[in-house]
Amino acid sequence: MTALWIMLLAPLVGAALNGLLLRKSPKIVSHLVAVGAMTVSFAAAVSVFLNMLKNGGEPQTYLAFEWLDAGGFHAPFKYIVDRLSGLMMLVVTGIGTLIHIYAGGYMHEESTTYRFFTYLNLFVFMMLQLVMGDNLMVMFVGWEGVGLCSYLLIGYWFHDDNNAAAGMKAFLVNRIGDIGFLFGIFLTYRHFGTVSFSELREMIGAGALDAVKLGAIGWITLCLFVGATGKSAQLPLYVWLPDAMAGPTPVSALIHAATMVTAGIYMMTRLNFMFYLAPMTMQIIAIVGAMTALFAATIALVQSDIKKVLAYSTVSQLGYMVLACGVGAFEAGVFHLFTHACFKALMFLGAGSVIVAMHHEQDMFKMGGLRKYMPVTHAVFLVGVLAIIGMPPFAGFFSKDEILWKAYIGGGPVIWGLGAVAAGCTSFYMVRLLCLTFYGEHRGGGHGDHHDAHAVHAKKEHHDHSSHHEPHETGPDMWGPLVILAIMSAGVGFLGVPHVLGGHNIFEEYLKPVIMIPEAAKEHWEFLEASYSHSLEIGLMVASVVIMIMASGTAIVLYGRGPAAVLGKWKASLPRVYDTLSNKYYVDEFYFANIVQPVRDTAEFLWSFVDVKIVDGAVNGVGEMCKFIAGSVSFKMTGSVHRHAMVLVVGLVCLLSVLVIN
Amino acid sequence: MGLTADEFTIQFISTVVKFSILAVMLLQVPPVMLLVERRIPAFMQRRKGPNRVGLFKFRLYGVMQALADTIKLIFKEEVVPEGAQKVFYHLAPVFSVFPAFLIAMAIPYGPDIQVLGQTIPLSVVRLDVGFLFIFAISSLAVYGVTIAGWASNNKYALLGSLRASAQMISYEIPLGMSLIPIVLIYGSLDLNKIVEAQTTFLKWGIFLSPISFLLFLIAMFAETNRTPFDLSEAEGELVAGFHTEYNSTKFAAFFLGEYVSMFVLSCLASTVFFGGWQVPFFDVRALDQLVGLPGVGALVGFGSLLMKAAFFMWLYVWVRWTIPRFRYDQLMNLGWKYMIPLGLINVVATALVLAAVWFK
Amino acid sequence: MVPVEFYFMLACVIFTLGLFGALFRRNIIMVLMSIELMLNAVNLVFVAAGRSIGNLDGQIMVLFVITVAACEAAVGLAMVIALFRKYGTVNTDILRLLRG
Amino acid sequence: MPDFSSLMSHGVFHLLAGLITLVSVLVVVSKHPVKSAVFLVVDLFLLAAVYASLESHFVAAIQVLVYAGAVVVLFLFVIMLLNLQPDQLRGMRFNPVEAVTLIVSVIGMLIMLGVSMSGKPTGLGDGSMDVNAIEAAGGNTYMIAMKLLTDYIWPFELASILILLAIVAAVVIAKKDKKPVVS
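Protein chains in written order, with our numbering: chain A, 1 to 662; chain B, 1 to 360; chain C, 1 to 100; chain D, 1 to 183.
Since the hints were derived computationally from the structure, they do not count as laboratory data. A couple of the hints might just be wrong.
Claimed, not checked - In silico DSBU-like links for lysine-lysine, alpha-carbon gap of 35 Å or less:
1. K72(B) / K86(C)
2. K155(B) / K176(D)
3. K175(D) / K193(B)
4. K76(B) / K86(C)
5. K155(B) / K86(C)
6. K176(D) / K31(D)
One chain only, chain A, in its complex shape (with noise of 0.2 Å):
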């Protein structure tokens, strides 16, 4: 399966080469290594995909080398390739390729482009570990490595501190969930003796589960969900990931939207079969998921900054696929995975598009009207809107309402109501994002001032673009991948028909190997196999329609031809709405004050009190002692080397003598 391996590994070699050898190189090279590393994955990708279908999808596990043997403990570098991973392997390979391309066209005016390639090369190859790997210690391997990515991608600018900072946020806020991670991992370990997925799910398929087992299985969702929750920004860890706006586009499309993000439905997935073991972590994930969809939503309705808005509405996708899982319904959460990762990474990339169009200007009131100037990216974006605010027949459409319908049915019409608001929130203020962007007269006057998040950067294009103001369309290798893209986004919500609608779903017929639900658990989902009153499905498709349209009509109306009058006086009207969205409701003040001050109070202390004084304190007076004795008897030292010789060697004879005598 040579095949799987050069998957694997050209992106790590495209990385090696950008980070090691080709330092020096002109840009040009180190984009097209690291282009060229990407399509050998994707086209070995597809090849492996290929092979796959063609032995049925049977899962099939490719041992690279023996890892981690301790005792018990086994944990080789295995990888497993099924339905599930063959899928997230191709959207990884295939979106980050055409991110690639995009990446270089994006970063022209960079100086130090090979360490943007050869961090993004290295992301790529450890998704893949994530996503491939048949233990959760591999995954766990990728898990931190996508990470460490990540962190290095949003402080990539790192001369402005606030990226840094960003960065450092994203890691940290990670660690919180990567630690919950862990214990899942442990507590997996401690009661099933073992992380290989596919024997965990031989174990937990052949039933026979003690209480304890039960019980446990319990706990360990619910701690490998917190490890989804920090990657997969949910509440309460969701406040990296707008942050994480601070990095590049390109790597906002790859990482934020497309991929990592997504490390958590993934897994979530990966291990269906435990989760469907536990109702109440269930119940709790569908909470969180929808609390979290309608909360980023409302968020996004007032943001001004075009990629924060994208942000946010991804904390809100990713809320629907965490939504989805909580419900049982796995296979529509990697549908909308899937759909999303086409739709969103269109999205930010045209925003990208936009971004470098206006000169690195990303309030939406300083832009407007872009239509004229760039119409292919205002044509492709549209798609990606249409897409995402589910109007049929794009997409969203498909993979939302499969989302919508499996939360009335599992979770109540609360749930769904959550999600419909959400829904509606969405349409809003994507529609609002196109209409200022797009749409209205231009109103940005050139560049102004640079509040965003790379003013180093942005300064130094001052001098670069004085010549010519206007917004410009970009060349074909920034808007070709975007075709591409929104092709796709229009196209495979067709993937996903519901039966309702005569269609027969080939996404979930094709998911439906990875997807088990166990004995013990049989009767509390046998909902998701109940069948339905089509009238009902139908009624709720209707429904989150309506409520779309009105919503993006309201928008519409809003922001049609720039920013309506009427905004102010509801602006004026009721303050604390507007400014407890517009400042996300304060969890990031509320965080600061309850958990970093205290950590760093505490930190302050260890390090004034406890490192100064005592430990310091122990060392310096070891020091300060050998000091003055040595001082008080030095006088005694000759420094003859002779001297010290001759001493020695009496002792040695002495010592010799005693040796004979015995």
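On the provided structure of chain A, position chains B, C and D as indicated by the hints.
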């Protein structure tokens, strides 16, 4: 080791005899070379050279010149410089002669011969580490030069000696390295075994490892401080090098040491690269039966070795009168930057080839 | 055959002489030479013992000792030169930097 | 019938032993370092002869090659380079410590002599490698090579590394540094 009395006596006596013969033979080298060193350049420069001295009224092409020179050398007045380190001043010539003679003892001058039912090797001592022995002893030759220069309390002498010793040390390394491939090829440190291995032309060292021969040749010249490497006695720069302050017998001793070591190295070269006492195309050891009286083969073999050595001696003289002197840094560069790496490469390459042959 | 004890006694004598040199000569180079002498005494013991009990490890050890001795001499002499450059002497009566 | 070669070897050994002792004394007591160095050469050479008389020709050759050929030449060079003057051996005026040491070390020598006379060495020796066995197995040098490149290969390689280090160290330490080293 248990030798019986008569066996022991035979070995002992034979050793003594061999050594005395060898010593006498080596003592004949300088006078001969004296003449050669004066006649050959004469021929090379289209002049007569010393051809007058003779016995009574027979000229004998000036053969007696050698005798005359020797006598002159020996009967000169002896002057010991002021402030010299007496002991070492007198000891130095010994130090320079002694190694040359020691090395000469290890070289096989002919095939073994049978005396009273005992095999007597035709080398004074038969060592299974003949090579190492030779290197070890030749490395002692440095002391004669160094001490001479230092003891005779003269700056030219000291500089000359320092130059000479540095040069000799530097070129011992290529000398040794050049011979390692030979050891690898013939698989023995025993010179006699090596000679016996070189039965035909194509098995001669020069054909099996030409680079070694090249290196050895150059190092040989440097070891004996001969032109083009005779910087230690560069008349132009340092009056006469380390033996500036020496005259009469002691000078003769240095002279002896130099020529003997030249001769010994020539013998070594012919032993290692030109088949020693082997005569191409037939086995000298078979001669005994052919002619029917023992020792003929040994004599013939000895003769062939002598011929080859003579060729090298002539080469010395030829080169001396043909090639100009190196500059000191050039000398050191050649030694350290070219010959040693080349030697290393040579060793490795030979080893690889041998391994390939071995494992094939 | 010569009994091995003789060799040991010879080694003892050499060793002690070297020790005297190392202890009572004030010239660092002399000290180094004396150390070489001591090392050689040890070598002699190695060879003789190896010979008498009939195995080769003794000689191998000698080879390693010689290697180490060579390195020691090289580095030591380099240090002597450095010392001489710095203080203009190699007499240990003068070189007493550690005097309290 | 007496074993002449054994008689011979006895004679040789005692001759060598006497010479070695004498020369060692000279090495230690001679005023001028150069003299000491030269005597050291002689000493080492004689020791090599002793080795040779112990049928360990390889070691003997290496002894002369390395010690006499390289090490002592180094000594000589350094001595001449520094142009050291003969240091005055302060006659027999030993200060108390030195006197004590002298006596003690003499005692130590006596003890060692006693120990070494007290009996043949035992231990490692399985007697498998006595002279005739070695001769049968292909000669001293051959056997040493065998052992050195099989059992002792790692020490051997390490020794080479050690030599390399020593070279570098010597060059670095001894080379004239333009700017004073901060230390």
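* To do: Return the numbers of the hints above that this structure violates; sort them in rising order.
  => Going through the list in order, the structure violates hints 1, 3, 4 and respects the others.
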